[in-house]
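*Asks:* So the sequences go chain by chain: A and B. Each residue of the first sequence is one higher than the one before, counting from 0 in numbering that gives the first Met the number 0. Each residue of the second sequence is one higher than the one before, counting from 0 in numbering that gives the first Met the number 0.
Hints are computed from structural coordinates only; laboratory data are not their basis. Don't take each hint at face value.
Unchecked claim - Just some of the chain A residues that point at chain B, by a computed CB distance under 7 Å: (1) Lys11; (2) Ile27; (3) Val33; (4) Phe52; (5) Met53; (6) Gly54; (7) Asn59; (8) Trp60; (9) Asp63; (10) Pro87; (11) Phe110; (12) Met112; (13) Ser113; (14) Glu114.
Claimed, not checked - Cut-off 25 Å, straight-line C-alpha distance, at most; resulting in silico cross-link-like pairs (BS3-like, lysine-lysine): (15) B/Lys140 to B/Lys158; (16) B/Lys48 to A/Lys48; (17) A/Lys21 to A/Lys48; (18) B/Lys217 to B/Lys158; (19) B/Lys258 to B/Lys170; (20) B/Lys170 to B/Lys65; (21) B/Lys65 to A/Lys123; (22) B/Lys48 to A/Lys4; (23) B/Lys201 to B/Lys170; (24) B/Lys258 to A/Lys4; (25) B/Lys263 to B/Lys201; (26) A/Lys127 to B/Lys65; (27) B/Lys263 to A/Lys21; (28) B/Lys263 to B/Lys217; (29) B/Lys201 to B/Lys217; (30) A/Lys4 to B/Lys263; (31) B/Lys158 to B/Lys170; (32) B/Lys264 to B/Lys201; (33) B/Lys264 to B/Lys170; (34) A/Lys21 to B/Lys264; (35) B/Lys140 to B/Lys201; (36) B/Lys65 to B/Lys48; (37) B/Lys201 to B/Lys258; (38) B/Lys217 to B/Lys140.
Where a beta carbon is used, it is the ideal one built from N, C-alpha and C, also for glycine.
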Amino acid sequence: MAEEKDVDRFLKGDGLDSDREKEIGQHIGYRYDVNLVPDDRPPTPFLAKYIEFMGWDDLNWLEDVHMGYEEGQPAVFDRNINGWVSVPEGLELPDNQQDRDMIARELLIKFQMSERHPLIQLNKAYRKF
Amino acid sequence: MAELSREQESHRMGMHTEQLAGRSQQIFFAPEEAENFASPDAFDVDFNKRGEFDVTEMTQNQINLKIRELMSQGYGTIVVQNPGAKHSLGVGILNRLQLYFEGSLGYFGCGLIDGPNVRISGRVGWSCAENMLSGTVVIEKNAGSTFGAAIRGGDLVCKGDVGSRTGIDMKGGSIIVGGRTGAFSGFMMQRGRMVILGDAGKNLGDSMYDGTIYVGGKIANLGVDAVEGEITDLDVRWLERKLAIYGLEAPDGARNMTKIVSGKKLWNYDNLEPMEKKMVL
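If we strip away everything but chain A, and leave its shape as in the complex, we get:
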C-alpha cells in the first residue's frame, strides 16, 4: 500500500510482475489493491444519499468495493453474482484509484438495485418464503 504503482498497470500490461507470475503466466491475487482503505474524500452525491438512506456513518461494505481490471477492461466484481461487471465503454477514468473506486461503488449499487440484476430474477424464480 505504501508503494505507489501506475494506476493503469492492469490496463496497459499483463500484470505479470514477479518471477512466479511470469513462470505460470498468470497474475497472482486480485487485479487491484485489496487492502486499499478509502481516504478522506467525500462520497459521490448518489453514494452520500445511499449511506443516509441506510442509516450508516460511512461507506460500510462499499469500503471493500474497488475498480478492478478484468481481461484488459475496467470492471467491478459483484459478489452477488460472483462475476465481474464491465464498466461502460467510453467512461473516462480518473487518474487515481481512490476516485475510480468511488465510481465503481456507485455503478455497483445502481446495478444491484435495478430490476435487471440477475439476483432479482433468481429471487423471483426460486424464492421459497
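With chain A's structure known, arrange chain B on it following the hints.
*Replies:* Positioned in the frame of chain A, the structure of chain B alone reads:
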C-alpha cells in the same frame, strides 16, 4: 543439457498449460440505470416508525418471524426486549433497519444480515454476525468465539473482549474489538480489516491470505505467514475515522498500533494444476 523449466517439464509429460480465464460474465453497467437505494423486493420501512415487543415467552422462530412481520408493516425501528440469550436471533435480515436487542444473544445471532444496524446491549455467544454482508452490529459487552466468522462486509463491533478465532475466514468488512481477542484471530483471513484495541492471543493471522489486522495492545505471537507491515498515513486516518464512529480510540493512538499483513509465502498458484488434476483423477 540446459535445465528444463517446470513448464517445459510438464509439457514433455503431456500436460499443457491451461490458462485460467477470469470470471467475466459479459454483463455491463447501463449508464441509464435508475437511482434506487433499495432492492426491488426489499421492505419499504420508515426509521421513525418504531415497534417494541417482549420475547420472554416466544421461541426463536417466532421472534424472527415477528421481526419480519413488523418490517413488512413498515416498521424501521424495532426493539426486542428480553431476548434471554436465545440462539439465532435477528438472522437473515436483508433490509435497512434499526434493530435493538435489550439483553444478550446466544449462538449465531445476526448471521447472514445485509443492511441493518443492530445494537445489542448485552453479550453474544459463538459466531455472532457470521457471514454478515453489510450494515453495522455493535455489542456493548463481550462476545464468544468465531466472532464474525466468514464476514463479507459491514462493521462488526464488540466493545468488550471476544473469544478465539475472531474473523476466521473473513472475506471483507471491518471487525473492531474494544478489548482482547483469543487465539487464532484472523485465521485464514482473505480480505477486510480487523482492529483489536487490546491484546491479541496466540497465532494471530495464521495462514492469512490477505487483509489487514491492527493491534493496539500486545500480540502473544503471530501465526504462520503473518508478518508486521508498515502503518501509513492512510491507515491512521482510516482508523481514527472508523473508531470515532463507535466512540472508541486506540490506547496509544492509531499511529502506534501494530499492523499485521500476509507475508504471501503460502500463496501457491499454478495454472498447470487443472490439467494435472484431470490426468490424476
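*Asks:* Are the hints correct? Go through all of them and say.
*Replies:* Hint check results:
1. Lys11: violated (17 Å)
2. Ile27: holds (5 Å)
3. Val33: Holds. Min distance 5 Å.
4. Phe52: Holds. Min distance 4 Å.
5. Met53: holds (5 Å)
6. Gly54: Cβ of A/Gly54 sits 5 Å from chain B, so the hint holds.
7. Asn59: holds (6 Å)
8. Trp60: It holds, given that the least Cβ distance between A/Trp60 and chain B is near 3 Å, below 7 Å.
9. Asp63: holds (4 Å)
10. Pro87: Nearest chain B Cβ about 5 Å off; hint holds.
11. Phe110: Hint holds; A/Phe110 Cβ to chain B Cβ min 6 Å, cut 7 Å.
12. Met112: Holds, about 4 Å.
13. Ser113: Holds: closest Cβ of chain B sits about 5 Å from A/Ser113, inside 7 Å.
14. Glu114: holds (6 Å)
15. B/Lys140 to B/Lys158: holds (6 Å)
16. B/Lys48 to A/Lys48: holds (20 Å)
17. A/Lys21 to A/Lys48: violated (44 Å)
18. B/Lys217 to B/Lys158: Status holds; Cα separation ~17 Å.
19. B/Lys258 to B/Lys170: Given pair B/Lys258, B/Lys170 holds - Cα atoms ~18 Å apart, limit 25 Å.
20. B/Lys170 to B/Lys65: violated (31 Å)
21. B/Lys65 to A/Lys123: Within the cut-off at roughly 23 Å; holds.
22. B/Lys48 to A/Lys4: violated (49 Å)
23. B/Lys201 to B/Lys170: holds (21 Å)
24. B/Lys258 to A/Lys4: holds (21 Å)
25. B/Lys263 to B/Lys201: holds (20 Å)
26. A/Lys127 to B/Lys65: Between A/Lys127 and B/Lys65 the Cα gap is close to 18 Å, so the pair holds against 25 Å.
27. B/Lys263 to A/Lys21: Distance ~17 Å between B/Lys263 and A/Lys21 Cα, so the pair holds.
28. B/Lys263 to B/Lys217: holds (23 Å)
29. B/Lys201 to B/Lys217: holds (10 Å)
30. A/Lys4 to B/Lys263: Between A/Lys4 and B/Lys263 the Cα gap is close to 19 Å, so the pair holds against 25 Å.
31. B/Lys158 to B/Lys170: holds (22 Å)
32. B/Lys264 to B/Lys201: Holds, at roughly 20 Å.
33. B/Lys264 to B/Lys170: holds (19 Å)
34. A/Lys21 to B/Lys264: holds (17 Å)
35. B/Lys140 to B/Lys201: Since the Cα atoms of B/Lys140 and B/Lys201 sit roughly 22 Å apart, the hinted pair holds (cutoff 25 Å).
36. B/Lys65 to B/Lys48: holds (15 Å)
37. B/Lys201 to B/Lys258: With a Cα-Cα distance of about 16 Å, the restraint between B/Lys201 and B/Lys258 holds, given a limit of 25 Å.
38. B/Lys217 to B/Lys140: holds (21 Å)
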